[in-house]
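Given the sequences, and given the hints that come with them, work out the whole structure.
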Amino acid sequence: MKPTIESILQNQLNRIHAEVIMTAYSESIPGWSVQKSEPDFYRFCYTDKGQGWLDIQNVSYTIQPGTLFLLPAGSHQSFGTDGDEPFGRFWCHFRLELGEIQFLNSLQLPAFVHVQDEQMMKQLFSKMIALQTCDSITRELRLKSVLLELLAFYLDATHVQKDFLSDQGFGVKWNEVLSYIESNLHTNIHIEELAKLAFLHPNYFISSFKNIMGCSPIQYVTNRRMAAAKQLLTDTTLPVAAVAAHVGMQNHYLSRLFKRYTGITPVQYRRIAKQGAGQTTENTGTTSEEENS
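Under full-length UniProt numbering, think of the first position of the sequence shown as 1, with each following residue one higher.
A couple of the hints might just be wrong.
Said to hold, decoys possible - List of simulated lysine to aspartate or glutamate pairs, EDC-like, C-alpha gap at most 16 Å:
#, residue 1, residue 2
1, K49, E100
2, K49, E118
3, K49, E6
4, K122, E176
5, K173, E192
6, K210, E100
7, K49, D82
8, K49, D84
9, K144, E19
10, K49, E27
11, K127, E149
12, K230, E182
13, K144, E97
14, K36, D55
15, K173, E6
16, K122, E6
17, K49, E38
18, K49, E19
19, K173, E193
20, K122, E149
Stated by the list, open to error - Label pairs and their in silico Cβ distance ranges:
#, residue 1, residue 2, range
21, N184, T138, 38 to 46 Å
22, T138, G99, 22 to 30 Å
23, D156, G83, 41 to 49 Å
Source of the hints: derived by calculation from the structure; they are not laboratory data.
Note that beta-carbon positions come from the ideal geometry of N, C-alpha and C, so glycine has one too.
Listed below in structure tokens is the structure:
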């Protein structure tokens, strides 16, 4: 996947606010069916035992154990049991905001994925079911976190790599814009230059960019510079001043901004990254580079 496409996907996914409506485990007798419903919510369905059938927008599927289905909101759906055995499945109904629905639709996700770790999948659904009866003030937060984990599993299993920028809603050349930013982090990047690449007026470019990326162009450039600085601090032995130059900043500004973003100085970040996550050694002394950063 292209880094720029990945950035857009990640930013869109980071903005998802899913709401769990209801989740449960149901077991249906042979012959049970629901005909031509058109819900305004999404539905996850994981089959535990037995077999069923499903029709989405006049496309038919066989539902078997070990498959996780995602039924889109607003689609025509019919489903039921198939065979002589009871049909048992976990299910979860959830809602997304309109923009998030449009984003997921643009990915053209498959109707189902195969689940290798069935125990893990059952645990996720069981956790949501248990949380529904919890009276803690964090219940909705915990429900949302499990649902997002389920959604993340589904997206990972589909190996989302589609260049959805070709979709009607993403027709502006965002790939060229983001590629330009990545290649020019060491220079002064102006809004007018970016807007020209996207064939948009600067004012409209700013609002369109924020709608796609979830932040302003200037904030995005700053975020990318910080990410590049972290990478250089981790992978090279360049002095902090050289790292700052590579990402288009003055040494003192990078150090101040870095500490505001991470809570530590660039030199401290490098030391922790080199030692390994979560393993730090506090020194009473201060290096000359830390004093200058």
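Each hint, compared with the structure:
| no. | hint | result |
| --- | --- | --- |
| 1 | K49 x E100 | violated (32 Å) |
| 2 | K49 x E118 | holds (12 Å) |
| 3 | K49 x E6 | violated (37 Å) |
| 4 | K122 x E176 | violated (42 Å) |
| 5 | K173 x E192 | holds (15 Å) |
| 6 | K210 x E100 | holds (15 Å) |
| 7 | K49 x D82 | holds (11 Å) |
| 8 | K49 x D84 | holds (12 Å) |
| 9 | K144 x E19 | holds (6 Å) |
| 10 | K49 x E27 | holds (9 Å) |
| 11 | K127 x E149 | holds (12 Å) |
| 12 | K230 x E182 | holds (15 Å) |
| 13 | K144 x E97 | holds (14 Å) |
| 14 | K36 x D55 | holds (9 Å) |
| 15 | K173 x E6 | holds (15 Å) |
| 16 | K122 x E6 | violated (30 Å) |
| 17 | K49 x E38 | violated (25 Å) |
| 18 | K49 x E19 | violated (27 Å) |
| 19 | K173 x E193 | holds (13 Å) |
| 20 | K122 x E149 | holds (13 Å) |
| 21 | N184 x T138: 38 to 46 Å | holds (44 Å) |
| 22 | T138 x G99: 22 to 30 Å | holds (26 Å) |
| 23 | D156 x G83: 41 to 49 Å | violated (31 Å) |
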